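Listed here are the chains, written in short residue letters.
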Amino acid sequence: MTTDPFNTTVREYFANPSHCGEVAGGVAGYFEDHGMRIRLAAEVRDGTIARLRFQAWGCPHVIAAAEAVCRRFEGQPVSALEQFKTGQIMEDLAVPVEKTGRILVLEDTVRSLGRAIENLTTP
Amino acid sequence: MTTDPFNTTVREYFANPSHCGEVAGGVAGYFEDHGMRIRLAAEVRDGTIARLRFQAWGCPHVIAAAEAVCRRFEGQPVSALEQFKTGQIMEDLAVPVEKTGRILVLEDTVRSLGRAIENLTTP
Amino acid sequence: MVTNADPVYLDYAATTPLDPRVAERMRAVQSSAYFNPASNHFAGRLSATVVDEAAVQLAALLNVDPTSLLWTSGATESNNLAILGGAKQREHRGKHLVTMRTEHKAVVDVFRALEKQGFEIAWLAPDADGRLPLERFEAALRDDTQLASILHINNETGVVQDIEGLGAICRSHDVLFHVDGAQSAGKVPVDLAHLPVDLMSLTAHKFYGPKGVGALFVADGTPIAPQMFGGGQQRRLRPGTLPVDLIAGLGEAASVASSCIDKDLLHLAALRDQLWKGIRDVEGLQRNGQDRGGYPGILNVGVQDVEGESLLLALEPLCVATGSACNSRSQEPSSVLRALGRSDLEAQSAIRFSLGRQTTSAEIELAVSAYRNAVKKLRDLAPERVR
Amino acid sequence: MVTNADPVYLDYAATTPLDPRVAERMRAVQSSAYFNPASNHFAGRLSATVVDEAAVQLAALLNVDPTSLLWTSGATESNNLAILGGAKQREHRGKHLVTMRTEHKAVVDVFRALEKQGFEIAWLAPDADGRLPLERFEAALRDDTQLASILHINNETGVVQDIEGLGAICRSHDVLFHVDGAQSAGKVPVDLAHLPVDLMSLTAHKFYGPKGVGALFVADGTPIAPQMFGGGQQRRLRPGTLPVDLIAGLGEAASVASSCIDKDLLHLAALRDQLWKGIRDVEGLQRNGQDRGGYPGILNVGVQDVEGESLLLALEPLCVATGSACNSRSQEPSSVLRALGRSDLEAQSAIRFSLGRQTTSAEIELAVSAYRNAVKKLRDLAPERVR
Ligand SMILES: Cc1ncc(COP(=O)(O)O)c(C=O)c1O
Ligand SMILES: Cc1ncc(COP(=O)(O)O)c(C=O)c1O
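Top line first, the protein sequences correspond to chains W, D, R and V.
If you're matching positions, the first sequence starts at 2 in this note's numbering and goes up one per residue.
If you're matching positions, the second sequence starts at 2 in this note's numbering and goes up one per residue.
If you're matching positions, the third sequence starts at 280 in this note's numbering and goes up one per residue.
If you're matching positions, the fourth sequence starts at 280 in this note's numbering and goes up one per residue.
None of these hints come from the bench; they were simulated from the model.
Check before you lean on any hint, since a few could be wrong.
[To be verified] When the alpha-carbon atoms are kept at most 25 Å apart in a straight line, the in silico DSS-like pairs for lysine-lysine are as follows:
hint: 1; chain 1: R; residue 1: Lys-395; chain 2: V; residue 2: Lys-395
hint: 2; chain 1: V; residue 1: Lys-367; chain 2: V; residue 2: Lys-395
hint: 3; chain 1: R; residue 1: Lys-656; chain 2: R; residue 2: Lys-556
hint: 4; chain 1: V; residue 1: Lys-395; chain 2: R; residue 2: Lys-374
hint: 5; chain 1: V; residue 1: Lys-374; chain 2: R; residue 2: Lys-395
hint: 6; chain 1: R; residue 1: Lys-374; chain 2: V; residue 2: Lys-367
hint: 7; chain 1: R; residue 1: Lys-367; chain 2: V; residue 2: Lys-367
hint: 8; chain 1: V; residue 1: Lys-655; chain 2: V; residue 2: Lys-556
hint: 9; chain 1: V; residue 1: Lys-395; chain 2: V; residue 2: Lys-374
hint: 10; chain 1: V; residue 1: Lys-656; chain 2: V; residue 2: Lys-556
hint: 11; chain 1: R; residue 1: Lys-374; chain 2: R; residue 2: Lys-395
hint: 12; chain 1: R; residue 1: Lys-556; chain 2: R; residue 2: Lys-542
hint: 13; chain 1: V; residue 1: Lys-556; chain 2: V; residue 2: Lys-542
hint: 14; chain 1: R; residue 1: Lys-655; chain 2: R; residue 2: Lys-556
hint: 15; chain 1: R; residue 1: Lys-395; chain 2: R; residue 2: Lys-367
hint: 16; chain 1: V; residue 1: Lys-656; chain 2: R; residue 2: Lys-367
hint: 17; chain 1: R; residue 1: Lys-367; chain 2: V; residue 2: Lys-395
hint: 18; chain 1: R; residue 1: Lys-395; chain 2: V; residue 2: Lys-367
[What the hints assert, rightly or not] Computed from the model, here is a short list of chain V residues facing chain R with C-beta under 8 Å:
hint: 19; residue: Tyr-288
hint: 20; residue: Leu-297
hint: 21; residue: Gly-353
hint: 22; residue: Gly-509
[Stated by the list, open to error] The calculated label-pair distances, taken between Cβ atoms and stated as ranges, are:
hint: 23; chain 1: D; residue 1: Glu-33; chain 2: R; residue 2: His-452; range: 53 to 63 Å
hint: 24; chain 1: R; residue 1: Ala-549; chain 2: W; residue 2: Lys-86; range: 33 to 43 Å
hint: 25; chain 1: V; residue 1: Thr-639; chain 2: R; residue 2: Pro-502; range: 47 to 57 Å
hint: 26; chain 1: D; residue 1: Gly-26; chain 2: V; residue 2: Gly-572; range: 53 to 63 Å
hint: 27; chain 1: R; residue 1: Asp-423; chain 2: V; residue 2: Gly-572; range: 57 to 67 Å
hint: 28; chain 1: R; residue 1: Asp-423; chain 2: V; residue 2: Ser-310; range: 49 to 59 Å
hint: 29; chain 1: D; residue 1: Gly-36; chain 2: V; residue 2: Lys-542; range: 38 to 48 Å
hint: 30; chain 1: R; residue 1: Asp-423; chain 2: V; residue 2: Asp-623; range: 44 to 54 Å
hint: 31; chain 1: W; residue 1: Ser-80; chain 2: V; residue 2: Ser-310; range: 57 to 67 Å
hint: 32; chain 1: R; residue 1: Lys-542; chain 2: W; residue 2: Gly-22; range: 42 to 52 Å
hint: 33; chain 1: V; residue 1: Leu-413; chain 2: R; residue 2: Asp-422; range: 56 to 66 Å
hint: 34; chain 1: R; residue 1: Pro-299; chain 2: W; residue 2: Gln-89; range: 20 to 30 Å
Computed from a prediction, not measured in an experiment: that's the story for all the values here.
Where is the CB? At the ideal position from N, CA and C, for every residue including glycine.
Please construct the entire structure, taking both the sequences and the accompanying hints into account.
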């Protein structure tokens, strides 16, 4: 009952998200469920995610998780996306169990982005 | 609930009864009821109650009432005893209604004293 | 957290700080009259006198006889005692009870408990502005209706019900009338000598008195069954050692209120207007409750397409409420706002600003910009809807 | 009245003053954490943390898990919640309940209420020294006995029951065991991790904490039905805005007690012995309760052929109790003393001296001479019995 529902990471990512926005001419994944909406947009160069940006409508955990994903995968090879697991984010952001469904929306968005990149590169 | 159950007269008479005790060779009335015991002893001279003393076992109102009776009738003609009414004492001492029975014990004692004096003077 | 440093407290409907005069009175009682008012010695009588004085103070605020007041631990207990105690005492009159959907949980849950025990409850809906039309109320009354309970001032929206009109209908139908006055007593004038009310609950901590103490007004001759049993205090209707300092604090808060209410209301109305003017042009803003005539200490607004929890966090260091004051932790959309016709999505974005005696114009200014910025920020973060 | 000037307070079993550390803690909370612990903002969470800290303090005193504690308005409410809530939740187990004749009214009256609802109550008598023999207790248990409630330390006599022995018997018979700990918690060591107790009531104002707040210990897995309904606070078992300052005060009082109990008990025992030595040779004196092993803060004595109300008045400026602490206004002879075999006449003369942390040897000296003088004075006033 008493603990702050938001840990410092959530508070920081929510207050100052450095990866919020669009990627002009990039490729995007989008997913919507549980009343949440998340969009991830990437600029892919040489199999690497050069830029990753998010837009999100949802609770602070969802917004912070989207920011976390961007921080995590920017600069990574595209293949890393496949290894995305919600577990680490759930832990880093201390997401309460009852919000698991919302974070899965993020997983779906990451998948959606992965597929979009695939479609782009395999004609 | 809040008011002091004892008014200043009761407190004064109870704390410093000036008419408590015996009258050596006097005439006495006694009554016992409601768990109360009251004794009144008088020295009668020329149809006048020259000295009047009480002894009492009971609540503060009973003790104060006995003192009040002594103060009232000392120096008075014996005939005044007949006019004794509990009403004035009930009022002066602010005796709560539920204690009426106890004050009536005092009335009975005064009667008993009156009879004792009568027996003494009418041989 | 940095934000913890300077909270801007705009949650006076949840609870208020102690008025300094109340705090002082309580301290005096704690040091010189901490005795048990039931004790049969002069120290106990001193404390009993303190309790009596507090009853006189509260009675003056409500314009009632001091003997018509029972001390309780708060409005929750008062509501329970009034509704359970009233309904059970009058079971012979029938098992039909009337209340509203926009009541506080401390009323709703009591009726739910009675429902399980075989009572039948009419849960009346308000109009779109939150008010209960008198005709709707009267139409709900049946021959076996024996008790009605209506919230005077709604804790989420500030909507004010027509207690006088509703009470008059109760009187003419021999229906016991309980009013939850937790948000009205001490905050707006309440004249129970003239209002047709049988039972009214109140709690001190909503009007600058201490937490943990409240009262139930019981009109002369109103039968209620006790819900607790014990040492026989308070005519056996509510036992337990009387918390003499809390009661003195409640009395003092009532006394302060008696002298401050008019000034307070003007102060609140000015600030509420400042707040409303500052935010009303925000796109998609929706005011929940009455446009006019509501309690000026509360402004409840929803806003389209903004997520409530994020809004609340973005509003820090403002302390404001979403959902009900008294158990805001629940994530369910407010049933009060749902009853006003709001969708779940609309309801979840609702923010209740509640202002108080200490609120300043500078704080309102801060609240205005915080609100505008938060809505803008969250909208900027959000993706377009599915294309 | 002159006597009002310098009361000699020897009525700590009725209620205690606030410990200065408790008062200070409460003030700090009132000014910096007066928020509603249920509010969904950081200020609310600050208050919730205060509540949690208090739970840890009280839990440490009782050696229990903090989550096993419910906050209430005092022992009266705790007793009601435990007994009504326990008995109703276990109605399927049977309708037979066991308690004692020497219980506090806040237990007696609850069982009376249950009796009216069709429960059957075994009202056990104590031995002449006030103790309940284990065999008598066990013999009273039946197959359909589902709950027993026993007072740990008697508020009138200081008699201490064998909670461990009684509890063990309850466990072996699947009987829910409630203990009224209003006079024991915070005053003597109570280790609920080792005592076989399912429910224990306590109240802060008996051990230098604030009035209007108490707690109910509910052992893990003990089912009780709520007796009040409302905002869902405290796992729906006891709703209502948590009085954060009172709870902090209760926690602090528990913490102070944890560090003081042993010293307190030595202090009290020394003073009680001084008092007893000073008056025991008064003619016709009778000690009510245990000669040894009782709680040292209470000494209850009757005296032959002295009227109680006059004795009390003659004892001023001593503040002592006749009859029960909690509702001494009643004129009926104490049922506790009647159960110890005292006649009405003997019972009505009983005086309870109850001592506390602030009591001094000088006050005891004063009490001794006041008592001796008062008895002498009243005997001097009295006439011989009927001759
Ligand atoms: C309308 C209303 N009724 C009842 C209550 C319950 O009051 P308390 O928590 O003091 O028992 C509250 C607030 O908490 C309220 O706003
Ligand atoms: C043994 C006992 N139980 C219960 C109570 C009731 O406590 P409270 O008045 O704080 O509710 C008291 C004293 O008042 C007591 O002495």
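Quick rundown of the hints versus the structure:
1. R/Lys-395 / V/Lys-395: With a Cα-Cα distance of about 21 Å, the restraint between R/Lys-395 and V/Lys-395 holds, given a limit of 25 Å.
2. V/Lys-367 / V/Lys-395: Roughly 13 Å separates the two Cα atoms, so the pair holds.
3. R/Lys-656 / R/Lys-556: Holds, at about 20 Å.
4. V/Lys-395 / R/Lys-374: 21 Å, holds
5. V/Lys-374 / R/Lys-395: At roughly 21 Å apart (the allowed maximum being 25 Å), R/Lys-395 and V/Lys-374 satisfy the hint.
6. R/Lys-374 / V/Lys-367: 22 Å, holds
7. R/Lys-367 / V/Lys-367: Since the Cα atoms of R/Lys-367 and V/Lys-367 sit roughly 17 Å apart, the hinted pair holds (cutoff 25 Å).
8. V/Lys-655 / V/Lys-556: Within the cut-off at roughly 17 Å; holds.
9. V/Lys-395 / V/Lys-374: 12 Å, holds
10. V/Lys-656 / V/Lys-556: 20 Å, holds
11. R/Lys-374 / R/Lys-395: 12 Å, holds
12. R/Lys-556 / R/Lys-542: 21 Å, holds
13. V/Lys-556 / V/Lys-542: 21 Å, holds
14. R/Lys-655 / R/Lys-556: 17 Å, holds
15. R/Lys-395 / R/Lys-367: Holds, at roughly 13 Å.
16. V/Lys-656 / R/Lys-367: At roughly 53 Å apart (the allowed maximum being 25 Å), R/Lys-367 and V/Lys-656 break the hint.
17. R/Lys-367 / V/Lys-395: 14 Å, holds
18. R/Lys-395 / V/Lys-367: Answer holds: R/Lys-395 to V/Lys-367 is near 14 Å, not above 25 Å.
19. Tyr-288: Hint on V/Tyr-288: holds, closest Cβ of chain R at ~6 Å, below 8 Å.
20. Leu-297: Where the cut-off is 8 Å and the nearest Cβ of chain R is about 5 Å from V/Leu-297, the hint holds.
21. Gly-353: OK, holds: V/Gly-353 within 8 Å of chain R, min 5 Å.
22. Gly-509: 4 Å, holds
23. D/Glu-33 / R/His-452: 53 to 63 Å: 60 Å, holds
24. R/Ala-549 / W/Lys-86: 33 to 43 Å: Distance hint for R/Ala-549, W/Lys-86 is violated at roughly 55 Å.
25. V/Thr-639 / R/Pro-502: 47 to 57 Å: This hint holds: roughly 50 Å between Cβ atoms.
26. D/Gly-26 / V/Gly-572: 53 to 63 Å: 55 Å, holds
27. R/Asp-423 / V/Gly-572: 57 to 67 Å: 59 Å, holds
28. R/Asp-423 / V/Ser-310: 49 to 59 Å: At 51 Å between Cβs, range holds.
29. D/Gly-36 / V/Lys-542: 38 to 48 Å: At roughly 44 Å between Cβ atoms, V/Lys-542 and D/Gly-36 fall inside 38 to 48 Å, so the hint holds.
30. R/Asp-423 / V/Asp-623: 44 to 54 Å: 49 Å, holds
31. W/Ser-80 / V/Ser-310: 57 to 67 Å: Because 58 Å falls inside the window, the suggested range holds.
32. R/Lys-542 / W/Gly-22: 42 to 52 Å: 50 Å, holds
33. V/Leu-413 / R/Asp-422: 56 to 66 Å: 58 Å, holds
34. R/Pro-299 / W/Gln-89: 20 to 30 Å: Taking Cβ atoms as reference, R/Pro-299 and W/Gln-89 lie about 51 Å apart, which means the hint is violated.
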